[in-house]
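**Q** What follows is each chain in one-letter form.
There are 2 protein chains.
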Amino acid sequence: MRCGIDIGGTKVLGLAVDADPVEPVAHRLAPTIYEADSLIDTIIKMVSDLENDTCARIEVVGVGIAGIVDRSGTLRYSPNIPGVVDLPIRDILGEVLGRPVMVENDAASATWAEHRCGAGVGSDNVAFVGLGTGIGTGFVLDGVLHRGWHGFSGESGHMIIDKTGPTHITGAGGPWELTASGTGLTHLARRFAAEGRLASVLELAGSVDEIHGRHIQESVDSGATDVVALLEEFARDVGIGLANLIHILDPEIIVIGGGLVDLGRPLLDAIRCHTASFVLGGEHRPAAEIRPARLGSRSAAIGAALLAADLAAT
Amino acid sequence: MRCGIDIGGTKVLGLAVDADPVEPVAHRLAPTIYEADSLIDTIIKMVSDLENDTCARIEVVGVGIAGIVDRSGTLRYSPNIPGVVDLPIRDILGEVLGRPVMVENDAASATWAEHRCGAGVGSDNVAFVGLGTGIGTGFVLDGVLHRGWHGFSGESGHMIIDKTGPTHITGAGGPWELTASGTGLTHLARRFAAEGRLASVLELAGSVDEIHGRHIQESVDSGATDVVALLEEFARDVGIGLANLIHILDPEIIVIGGGLVDLGRPLLDAIRCHTASFVLGGEHRPAAEIRPARLGSRSAAIGAALLAADLAAT
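Those protein sequence lines, which keep their order, are chains A and Z.
My numbering puts the first residue of the first sequence at 162, with every later residue one more than the last.
My numbering puts the first residue of the second sequence at 162, with every later residue one more than the last.
Derived by calculation from the structure, the hints in this document are not laboratory data.
Treat each hint with caution, since some may be false.
[As the list claims (entries may be wrong)] Just so you have them, the derived chain Z footprint on chain A, three or more residues with Cβ under 8 Å: (1) 180 to 186; (2) 236 to 247; (3) 298 to 306; (4) 361 to 369; (5) 398 to 404; (6) 433 to 443.
By construction, the Cβ of each residue, glycine as well, lies at the ideal position given by its N, Cα and C atoms.
If we strip away everything but chain A, and leave its shape as in the complex, we get (with noise of 0.2 Å):
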């Protein structure tokens, strides 16, 4: 047996793995605490529960977080888990539960499990990207999961594609995932509506403030077609990120995850035809071929289980 920790800004999933990584045998959450002490107890009791649930000793430990994780397990900075930098987790992990531990960023393990029991099995080519509160991103290249020197690849979200454009709250102006991330679609969203264009969502929400990426999926959902307009607009965004990433690293399939992957095909489709536009030469090239991720907000810790499974096997 062994498990896979998700720890994201707001939760943390953990899954207990055995032969098949989609079909995990338990699973536990806990809300992410902002301190390190803390998030590493929330880890340490999550194994134990989850050895208590399956009746079984976990063998190996895989852990993906939202943040730059460096080669030696350190989470060295998260935008979205303040308070907590250069904290050594694989060492502090290894050392309490006395078993291997790998530590990996979040959205690098979601590439993996979508690169090997996901939407890009059968590519050794694969970039991943997690459209969510934000945008991570992972690359599977010549079937090797991309790390980066430090450890640091993947942080596609930080990449920016309008340089005059409006600050972050990381500081960047115009990065990616301000505006093609989800928070990013619901300030469009909130923009259409007081513009009067988005009447679906705003009789869904009540006001223009409340305003939340659950109203639009209802609409969405409800075949609502003023939405249409704002997936069209916002995937204008999307696509302008995806073809810099197809010209920097020419993948052969892209896999969308993420929470707005559930916005389903008027979304996929929009992207599709904006990221075509934007790649030079794009009638003597062809496509990346931009699929929906299959394993859902399960990715990252299965991916973890994954490449904890690996790590042990060497």
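Using the hints provided, position chain Z relative to the given structure of chain A.
**A** For chain Z alone, kept in the frame of chain A given last:
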């Protein structure tokens, strides 16, 4: 003996290389002709000329070419060599010359050269960024030249950094190379001069419209102070793109090549400073080292010869 041939937008450089790749034993130059048959003829004649020059048989031929080259050695499309599309250079040359031929993008070839015997020696994670007429890039990741699924990676010059910005000749709005290339620097210098902020360069050129790269170079060499402000503003856009590549790929070393590297320290220091300012969480991560290229304008030809030799050895 092997040869490396670099086909650029204006000229073709051929080098005959023996034991030491950075000291070619012969070289040839020819103009680039924008027509398929003539371009092939140019290459064939160059191989023959280099054999005559060296009184030796060239066993393998490497070609680096400005454009997107697929894994079968076909030039699919080149913005720099209009009129030549979908040309199976490797197959045609292989048949005519009767020896192994390697065809690769010119920036990828230059990347390999700088990694093997230039500024990137000793690191397995190198990004090469050639600042010339446009911007060409290439990546060595974990010791391997990254080609991408189709062979089209490294087209980072087309990465959009200013989505609301002016449109490039490629049709895209605000790509990196529009402002951060040699062409971009010349345009910026003309604007500075028109605004009365670049007297040193204006005096050398005679008029705003006559300002070219060589005048900027002369002004820098003469130690003029007004040109420093120009380089400072220019370096900002270079830094945006480099920070994007750092966020995406996390290289250990970034090698700056292309003609602009001759501007020396004033430009490089400004690039280093701006790049650092755009990297998120810079205080929690080691910086990628930004170095000037060592192989100059011969890097693509040297790299093509090295890659051809690698091909012949496998």
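**Q** Within the segment 236 to 247 of chain A, is the number of residues with a Cβ closer than 8 Å to a Cβ of chain Z three or more?
**A** holds (count 5)
**Q** At least three residues with a C-beta closer than 8 Å to a C-beta of chain Z: is that true for the segment 361 to 369 of chain A?
**A** Since three or more residues must qualify, the claim that chain Z covers the segment 361 to 369 of chain A is violated, with 0 doing so at under 8 Å.
**Q** With a Cβ-Cβ cutoff of 8 Å, does the segment 298 to 306 of chain A contain at least three residues near chain Z?
**A** Holds, because 4 residues of the segment 298 to 306 of chain A bring their Cβ atoms closer than 8 Å to Cβ atoms of chain Z.
**Q** Tell me whether the statement that chain Z covers the segment 433 to 443 of chain A is true, taking a Cβ distance below 8 Å and needing three residues at minimum.
**A** holds (count 3)
**Q** How does the segment 180 to 186 of chain A fare against chain Z when you require at least three residues with a CB closer than 8 Å, holds or violated?
**A** violated (count 0)
**Q** How does the coverage statement for the segment 398 to 404 of chain A fare against chain Z, requiring three or more residues with Cβ below 8 Å from a Cβ of that chain?
**A** With 3 residues in contact (Cβ-Cβ under 8 Å with chain Z), the coverage given for the segment 398 to 404 of chain A holds.
Going through the hint list in order, the structure does not satisfy hints 1, 4.
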